[in-house]
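Asker: By the working numbering, the letter at position 109 of the sequence shown is numbered 109, and the numbering carries on one by one without gaps.
Keep in mind that the hints are not guaranteed to be accurate.
With a straight-line cut-off of 20 Å between C-alpha atoms, the simulated SDA-like cross-links for lysine to any residue are [unchecked claim]:
#1 Lys185 / Ile53
#2 Lys185 / Gly127
#3 Lys185 / Thr269
#4 Lys227 / Thr275
#5 Lys273 / Ile125
#6 Lys120 / Ala131
Derived CB-CB ranges, DEER-like [what the hints assert, rightly or not]:
#7 Arg198 / Glu72: 47 to 57 Å
#8 Met124 / His191: 24 to 34 Å
#9 Glu72 / Phe18: 24 to 34 Å
#10 Trp23 / Arg188: 47 to 57 Å
#11 Ala279 / Asp129: 21 to 31 Å
#12 Lys185 / Glu135: 26 to 36 Å
#13 Arg40 / Trp68: 23 to 33 Å
#14 Thr318 / Leu190: 44 to 54 Å
#15 Ala84 / Thr269: 19 to 29 Å
#16 Ile2 / Trp68: 17 to 27 Å
#17 Leu77 / Lys185: 42 to 52 Å
Derived by calculation from the structure, the hints in this document are not laboratory data.
Glycine is no exception: its CB is placed at the ideal position from the N, C-alpha and C atoms.
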Amino acid sequence: MIPLEYQILIAILLDQLFGDPRWLPHPVRIIGTACHWCERLTRTVLPPCAAGISSVLLVLSLTGATTWGIIEGATQLHPWLGTAISILILYTTIAARDLVRHSTEVYTALQEGDLPEARKRVSMIVGRDTATLDEAGVARAAVESVAESMVDGVTAPLFFALLGGPVAAMLYKAINTMDSMFGYKNERYLHFGWAPARLDDLANFIPARITSLMIPAAAFLLRLDPKRSLLTLLRDRFAHASPNSGHTEAAVAGALGVQLGGPNSYFGTVMTKPTLGDATRPLEPRDILRANRLMLLSSTLTLLISIALRSHILGLLTGIHP
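Could you build all of it, start to finish, from the sequences and the hints given here?
Answerer: If you want it as structure tokens, here you go:
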């Protein structure tokens with residue numbers, strides 16, 4: 001049996017080598033199908049808010065039971081098969097390679113002077129309108145996507161994996177998937193999506209804060225601006241609609257010395273959001289690569305801190321200290 005920490009490291013290596021293989025039925029897509037099924041089922045018998053809560057309970061129950069059952073069944077066949085399935089499931093919860101790939105494609109298009117292609121590429125990783133974005137607007141969208149997605153795509157799954165193995169990591173992905181599907185403040189999901197959105201906020205609370213504190217450390221190692229990163233984090237971390245995303249976005253903005261946030265267009269309607277960071281210089285395409293390096297290094301530091309926390313907690317519970 002391979003210890004959990006080593007299983008996670010192997011899963012990270014697989015992600016870096018292969019990313020998200022298109023041939024593999026991804027669990028998130030299966031969870032998404034379950035979300036649609038649970039929504040249809042609960043809405044027919046319950047008012048919206050209660051239906052949302054019930055859907056959360058159903059999706060989490062199905063996800064947890066299925067993940068545990070697959071691993072346990074494989075383990076009964078052979079312990080090493082169970083370990084292999086555990087690693088494979090952990091691998092599917094990590095999205096660092098794909099995040100770098102998608103954002104780098106935006107950078108490449110900008111470097112080649114192909115703004116229409118850059119707009120097309122960035123539209124795949126952001127929800128805002130991209131058809132009229134200039135070069136700086138495309139770069140800002142990509143940097144913001146990396147800064148926000150480093151938590152739900154990398155550090156939070158790893159954090160929960162360390163807490164509870166592949167079952168906990170997959171439960172986190174289910175929470176995140178429900179938020180992305182139901183966490184809208186429109187007529188359809190204002191009440192139904194309340195429970196998924198609040199649960200996602202809660203799940204990301206600790207990972208987002210650990211990650212945001214690692215960004216200044218990563219900025220120091222990358223010779224960016226760690227002092228400005230920390231000061232911007234402390235000043236602007238709540239200047240965001242999300243109680244968590246502002247932490248990492250503010251820290252990244254400070255590390256790069258740029259300003260994130262501001263006006264964005266959604267479905268033809270311009271929404272002006274608070275800004276994070278100071279515009280000490282204009283955003284440029286290379287900031288996308290800098291954001292990727294920050295993401296990878298701060299994620300590594302977050303993993304190390306999380307491993308240390310896990311060891312400390314296990315030591316308190318068992319009386320055995322490594």
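Asker: Please go over all the hints and tell whether each is borne out by the structure.
Answerer: Verification of the hints:
At most 20 Å may separate the alpha-carbon atoms for a hinted pair to count; Lys185 and Ile53 meet this at roughly 16 Å. As the CA atoms of Lys185 and Gly127 are separated by approximately 14 Å, the hinted pair is consistent with the 20 Å bound. At most 20 Å may separate the alpha-carbon atoms for a hinted pair to count; Lys185 and Thr269 meet this at roughly 15 Å. A hinted pair counts as satisfied when its Cα atoms are at most 20 Å apart, and Lys227 with Thr275 qualifies at roughly 19 Å.
Only pairs whose Cα atoms come within 20 Å are accepted, and Lys273 paired with Ile125 is accepted, the gap being roughly 19 Å. In summary, the hint linking Lys120 to Ala131 is supported, as the alpha carbons are separated by about 8 Å, within the 20 Å threshold. At about 31 Å, the CB distance of Arg198 to Glu72 disagrees with the hint of 47 to 57 Å. Checking the proposed 24 to 34 Å range against Met124 and His191 shows it holds: the Cβ atoms sit about 30 Å from each other.
Distance hint check for Glu72 and Phe18: the Cβ-Cβ separation is about 26 Å, which falls inside the suggested range of 24 to 34 Å. Checked against the hint of 47 to 57 Å, the pair Trp23 and Arg188 fails, with Cβ atoms roughly 34 Å apart. Our hint of 21 to 31 Å for Ala279 and Asp129 holds, since their Cβ atoms are close to 22 Å apart. In this structure the supplied range 26 to 36 Å holds for Lys185 paired with Glu135, their Cβ-Cβ distance being about 31 Å.
Under the hint 23 to 33 Å, the C-beta atoms of Arg40 and Trp68, about 25 Å apart, fit the expected range. Between Thr318 and Leu190 the Cβ separation comes to about 46 Å, which falls inside the hinted range of 44 to 54 Å. At about 48 Å, the CB distance of Ala84 to Thr269 disagrees with the hint of 19 to 29 Å. Restraint check, Ile2 to Trp68: a C-beta distance of roughly 18 Å satisfies the suggested window 17 to 27 Å.
For Leu77 and Lys185, the hinted distance range of 42 to 52 Å is satisfied, since their beta carbons lie about 47 Å from each other.
Checked against the numbered hints given earlier, the structure breaks hints 7, 10, 15 and satisfies all the rest.
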